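We have chain L already, so just place chain U on it with the hints.
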Amino acid sequence: MALIDFNSEQKLIRGEVRKFSQTELEPVASDIDKNGVFPVKIIKKLSDLGLSSLIIPEKFNGAALDTTSLCIVLEELAKQCASISTILAVNNCLVAFPIMNYASEQIKEYYLKKLAQGEIGAYGVDLGIDVPDTKISVTETDGDCLVSGKYDFVLNGETAHFFILPVSFTNGKALYLCEETAGIQKIKHHILGMRAAGIIGFEYKDLRLKGGKCLLSIDKATQALKKMQDYSNIGFSAISLGIAEAALDASVKYSKERKQFGRAICEFPMVQEMLVDMKTRIEAARFLVYDAAKKCDKAQDYTLSANIARLISSEAAVFSGTTAIQVHGGYGYIKDYPVERFLRDAKTIQVLQEPPYELKSKIAKELLS
Amino acid sequence: MILHEKYLKFREKVRDFADKEVAPRAKELDIKGEFPWDLIKRMAELELLALYVPKEYGGAGLDVLSYAIAVDEIGRVCGSTGIFLAAHSSLGVYPIYVAGSEEQKQKYLIPLARGDKIGSFGLTESNAGSDAAGTQTIAKLVGDEYVINGSKRFITSGEVADIIIFTATKDPSMGYSGISAFIVEKGTPGFSAGKKEDKLGLRGSITSELIFEDCKIPKENLLGKEGEGFKVFMATLDGGRISIGALALGIAQGALDASVKFVKENKKSGKPLKKSQSIQSMIAEMATEIEAARLLIYQAAMLKDNDMPYTKEAAMGKYYASLIGMKATDIAITIHGMLGLTKEYPVERFMRDEKLMEIGEGTSEIQKIVIAREILGKR
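Protein chains in written order, with my numbering: chain L, 61 to 429; chain U, -16 to 362.
Careful, some of the hints might be misleading.
Pulled from the structure, derived: some chain L residues nowhere near chain U, Cβ distances all over 10 Å [as the list claims (entries may be wrong)]:
1. 109
2. 161
3. 361
Between beta-carbon pairs, the in silico distance windows are [said to hold, decoys possible]:
4. L:324 <-> U:-14: 42 to 52 Å
5. L:83 <-> U:-4: 16 to 26 Å
6. L:322 <-> U:-13: 47 to 57 Å
7. U:274 <-> L:247: 33 to 43 Å
8. U:-13 <-> L:329: 20 to 30 Å
9. U:292 <-> L:246: 54 to 64 Å
10. U:260 <-> L:322: 50 to 60 Å
11. L:321 <-> U:178: 23 to 33 Å
Because the hints were derived from the structure by calculation, they are not lab data. In this text the structure is predicted, and so the values were computed from the model without any measurement. Every residue gets a Cβ at the ideal spot worked out from N, C-alpha and C, and that includes glycine.
Only chain L is shown next, with the shape it has when bound in the complex (with noise of 0.2 Å):
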């Protein structure tokens, strides 16, 4: 049996986002990437297609796919459009997976069946550095929050309907969940890739987030951002493997149209070392990602497989997007090809959340457990 076996309906979803990626994304991913505009026209479709609320159980209206449904359709996603594939990541492994896994049913209820119609979620990245200004003060009166402080990252942050916010005590960390009020003073920035993705920082001050409410306490929150992350590392980990084979196919495409010294530069054993070296990072990464996600759905311990899969994958996407670079020459450095954008979104992947040293950090534990 194949390392990685695909059965009939992952296959059947593996073809047919393929397809809305070829027909739907390529055509705009490139004019999107400079536009830095959140794609909400093609959220909707892949919502109404049922791709948008991938890992939510049937009965609040989800596609109730398996983990390695959901890194096919990641990885499928982006390798035309990593912002795209980030935005559903999210989406899914930072707003709907805390959710279905710690929320009461009332509020699986309500918001699960939110994200099933296509509603956006964000998730406040919290970066740990401790820069003095990004300290973040929250006291509950009468189920609402009262928020202060600022959030240089929250993914999705853009067009989201509400958030997941964790926040940082002196004694641990807890997780909210907020609706969106007036008064948030949304900071854009011009981060290097992912530039549809939304990615925004936030700042409050004394802001009253209605409906705000604790979905974890300090006590419980800390376990839970863990698994979070664990999980959201086979996601980014399946979008770091769609970035890498898009570049290895652009790669193999322009070598073998490129001429110079009277014949095509796939001819050169230094353009081959270049295939080569990608194609070889690129299908360890594959195992790893789905071997991480098998585990996931056969209920087994995913921690130090997903951390592997991530750290490696990324590797993978970044040594991918320069290489590839490479292979186009001058024509790699320009935005008239795509190679250009694949390394900038590898490398914000590669550190959204959890830089590589943090992953090793954690493989060590694991390994040393």
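Relative to chain L, chain U alone:
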């Protein structure tokens, strides 16, 4: 590395200019895609534009090592300004300095060296990149004039240059031996700048297409002898590699400096970042590789200053500095985490700028071929 005091003093002078005048402009040059006219004027005043050219020809009368130091220091704060300096000095000034007749030197070298005119070098074409001898631009001698037809691509400062050295062939089937080098002035009928490239990095530098349509240039604008264009551009690129290597090095140094600052100023989960062994390991790797690259580049410059062969060393310097430079700028973003993705920090710009150093003036693959040829012999 050990440098004579006169170089240390010179470095202080350039560093002061880079920190006080170039660094504050770098971010907006990148974001707005603005060409640094103001900084070019200042570099001319400071005599930085032709450091190794004798004073009688408008240069600073210094040497190649000083030039490498200057590009290193300016690259440390701004890749776009650095690439202008490198392209102007190595590709605009140098070919005329090394291959020009006395008349050409008087007419073109002096204003270029003084910075009154901007220089550029047209070698690459759409279908002649690494294969520079595959040039399709045709030069036909008709009476006392050459008639030029064809186009050039990816030409640094192409659109803004006043004086452009370019290559063209008598007959594409002749390969290297058909190629000659010429000088064309901006405004010559039949010569124009075409498309301006939208690039990943070096966005404050202009990269253009150059178009020749029955462009007539006087016979005396032939640079060097007819059929010796290959020699001119090989010599130009040998020297150019020192400057691109120095720029790769400078950008890497900038990434290290920014990382050191970030690590010293910030804490993660209450713990100073500089106390993290993972961070220390990354900083140590970057710093070691940058130091090694600097030794290679400065050595190549000193060889050139001593009229010794430097082809291999220049290629090694460029290859190695751009390789470790990509690694250093990549790690710098990792150290900054998500903050490194924003324009609030210079590191994402450094990575975008650095990538060109593995491509321009001979890709890393071409450098490896040059190095291997020097080691294994030409045949």
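Hints and how they fare:
no.	hint	result
1	109	holds, 31 Å
2	161	holds, 25 Å
3	361	holds, 25 Å
4	L:324 <-> U:-14: 42 to 52 Å	holds, 47 Å
5	L:83 <-> U:-4: 16 to 26 Å	violated, 59 Å
6	L:322 <-> U:-13: 47 to 57 Å	holds, 48 Å
7	U:274 <-> L:247: 33 to 43 Å	holds, 38 Å
8	U:-13 <-> L:329: 20 to 30 Å	violated, 43 Å
9	U:292 <-> L:246: 54 to 64 Å	holds, 59 Å
10	U:260 <-> L:322: 50 to 60 Å	holds, 52 Å
11	L:321 <-> U:178: 23 to 33 Å	holds, 25 Å
Hint compliance for this structure: hints 5 and 8 are broken, all remaining hints hold.
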